[in-house]
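Position chain B against the provided structure of chain A, taking the given hints into account.
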Amino acid sequence: MSLLSVRDLTVKFAMRDQTVTALNGISFDLAKGERLGIVGESGAGKSITGFSLMNLLSRPGYIDSGKIEFEGEDVVKMSDKRLRDLRGNRMAMIFQDPMVTLNPVLTIGQQMIETLMAHRKLSREEARQIAIVKLREVYIPSPEERLEQYPHELSGGMRQRIIIAIALLLDPQLIIADEPTTALDVTIQADIMELLLELCQSNQVGLILITHDLGVVSQMTERTLVMYAGRIIEQGRTREIINDPQHPYTQGLINALPQQTVPGQRLKQIPGNMPGLASIPTGCAFHPRCKYATDLCRSQIPEVVQYGDLKVACHEVQRLQADEDRQEVRA
Amino acid sequence: MTDAKTETPLLDIRNLEKRFDLDHGLLETLKFRKGKFVRETRSVHAVNNISLQARKGEALCVVGESGCGKSTVARLVAGLLTPTAGEIHYDGQRIDNLSRAGIQPLRKKIQMIFQNPYASLNPRMTIRQALEEPVRHHNPNASAAEVRDKVTEVMLSVGVDPSWAKRYPHEFSGGQRQRIAIARALTVNPEFIIADEPISALDVSIQAQVLNLMLEAKESRGLTYLFITHDLSVVEHFGTRVAVLYLGSVCEVADTATLFSNPKHPYTRALLSAVPQLKDDRPNHIRLKGEIPTPINLPKGCPFQSRCAFAGARCKSEKPNAIHQPDGSMVACHAVEENRLDEMAAG
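Protein sequence lines correspond, in order, to chains A and B. Per the working numbering, residue 1 is the first one in the first sequence, and the count goes up by one each step. Per the working numbering, residue 1 is the first one in the second sequence, and the count goes up by one each step.
It is possible that some hints are incorrect.
[Stated by the list, open to error] Derived lysine-lysine pairs resembling DSSO-like cross-links, with alpha carbons at most 27 Å apart:
1. B/K218 <-> B/K56
2. B/K300 <-> B/K31
3. A/K77 <-> A/K32
4. B/K289 <-> A/K311
5. B/K218 <-> A/K268
6. B/K166 <-> B/K108
7. B/K279 <-> A/K32
8. A/K67 <-> A/K121
9. A/K268 <-> B/K279
10. B/K289 <-> B/K316
11. A/K12 <-> A/K77
12. A/K67 <-> A/K32
13. A/K121 <-> A/K12
14. B/K279 <-> A/K291
None of these hints come from the bench; they were simulated from the model. Source: prediction; values computed, not measured.
This is chain A alone, in the form it adopts within the complex (with noise of 0.2 Å):
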């Protein structure tokens, strides 16, 4: 049985004067202990879908309609005390930027020993030593000192250590990590990436590893999903998806990385913008800055196919593989 199971989400905003739909649809499952990027540009959803499947979502935003099954249980009508239980018991989520996600005026000790004392009934002095051992388990050296510390007092990959601590506290089944390292530098990034990876590992620890970098993704990750304008467009094995995507939006993505073209040649660029909720264009989404688009792909949104490996939401599959760009990305 798999550990997440997501069936048509869809996710809207209710602003003053219409109602936007910033998920539109979305299905997808984790198994047990696996680890499942989710890429995009600004905009695409990514962050929504990883607070959605909290249900952390607050207005203007909701939940329309579909369902997150997590452990069999639908986390979209569970009650706010079971909701208490799953939130960063059974499932935890660490954010971008560690200042903000720690509270400043609390002691890295209170803010673990306070979580471990809601959720378990433990006295004080074995939520401390609990806290000692995941702090040596993400190499936070003398960690009895650290927690009489404070945030500030801590440097930002530190701190993103410390956020990973608190997030395994507590054992949950899975991790949800929303661009957990693009405040730091790159070789901080490397760190905290490799410890995050060997983490899940050893621990069993599913992981939603939402970023907007190619390459974490390629090196964190056993699947992938690939959202633009609020719908799954792409997913299936991430080797699959980098080394021989059929969309042309993830082709686009990947063809424009400097790294795809020869130093000092133009790249290759997607033309125009990722489309605001309340202009998403008829059809599909990516119509206007898609080279192969047709009439079909103006007016009717594809169906989501079975392509090879891979799940893909294009009309025109068959006919990009023949396309020359595509031969580019596979070599």
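Chain B alone, transformed into the frame defined by chain A:
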């Protein structure tokens, strides 16, 4: 390349230093130490003895992690900060000690593009006003029609429809705003562009658009760039030469192709290995111990010693000088100088 060495560089930075004092005024500098009051001023050593040259038509990239001083270098060259020591020469003329009036003609030649296009455009000025202002300022005798024509030409060249000129910045997306910011830099026909992380705030597909635009401007207008970034894949694509900075000091300067194919400084190697690769399944990421130390009260010796696997006694006591390598790169590392790096790798 042979005559390039003899040619005078367009931009010549010599032994540049910048310190920011943390304690201002008498009371802040008073410290209580060992039962006595002493006066002590702490300062951030942002840039320490940096020398760099950019030849005409080059794109000199400065890379490094946060706090390495790369933006400070950009601001010093642009004249937005005054160096604590050292000299900056542009086209044979010393520019770091010029008066406000003296620097005016240079402002036309040297333009800057900033990271955040949401903050660098005045929200209360239309695009036309924002673009016309620098033209008017630098060409007070230009007629209204001339100014208008110049703005239209530049807008077309960066791919912004001139009919949008009456709009305000909030009506544009991040990528379009950055195009407008580039257009504003180009309106005065500059020779030299300082770009401080110009694409870091943008999405991948938009990054490619803006980077292409900057490449086009380089070729069609013969621009020279000082390009500040933390993104190594952008450096490899855009730069002709690269300077790697760590804690305010230069570790390595080399032609882009040389640096990426044969990095020498241990920090450069670690930095390159940390970039997440798209298609490489088993990356051999070089783990650095610890984190970047604070630039207040810098350690003696090599700034990188606390995280370097090759650090020896000499590294702790003596700051390495940049030494010419046979392939034309400059490396500031005792271990490289003493050939210790490759011995260890081989053994």
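Here is what the structure says about each hint:
1. B/K218 <-> B/K56: Roughly 11 Å separates the two Cα atoms, so the pair holds.
2. B/K300 <-> B/K31: 23 Å, holds
3. A/K77 <-> A/K32: 22 Å, holds
4. B/K289 <-> A/K311: Given that 27 Å is the threshold and the Cα spacing comes to 42 Å, the pair is violated.
5. B/K218 <-> A/K268: 18 Å, holds
6. B/K166 <-> B/K108: 25 Å, holds
7. B/K279 <-> A/K32: 26 Å, holds
8. A/K67 <-> A/K121: Since the Cα atoms of A/K67 and A/K121 sit roughly 32 Å apart, the hinted pair is violated (cutoff 27 Å).
9. A/K268 <-> B/K279: 18 Å, holds
10. B/K289 <-> B/K316: 16 Å, holds
11. A/K12 <-> A/K77: Given pair A/K12, A/K77 holds - Cα atoms ~17 Å apart, limit 27 Å.
12. A/K67 <-> A/K32: At roughly 18 Å apart (the allowed maximum being 27 Å), A/K32 and A/K67 satisfy the hint.
13. A/K121 <-> A/K12: 38 Å, violated
14. B/K279 <-> A/K291: This hinted pair holds, its Cα atoms lying about 26 Å apart.
When held up to the earlier numbered hints, the structure conflicts with 4, 8 and 13 and fits the remainder.
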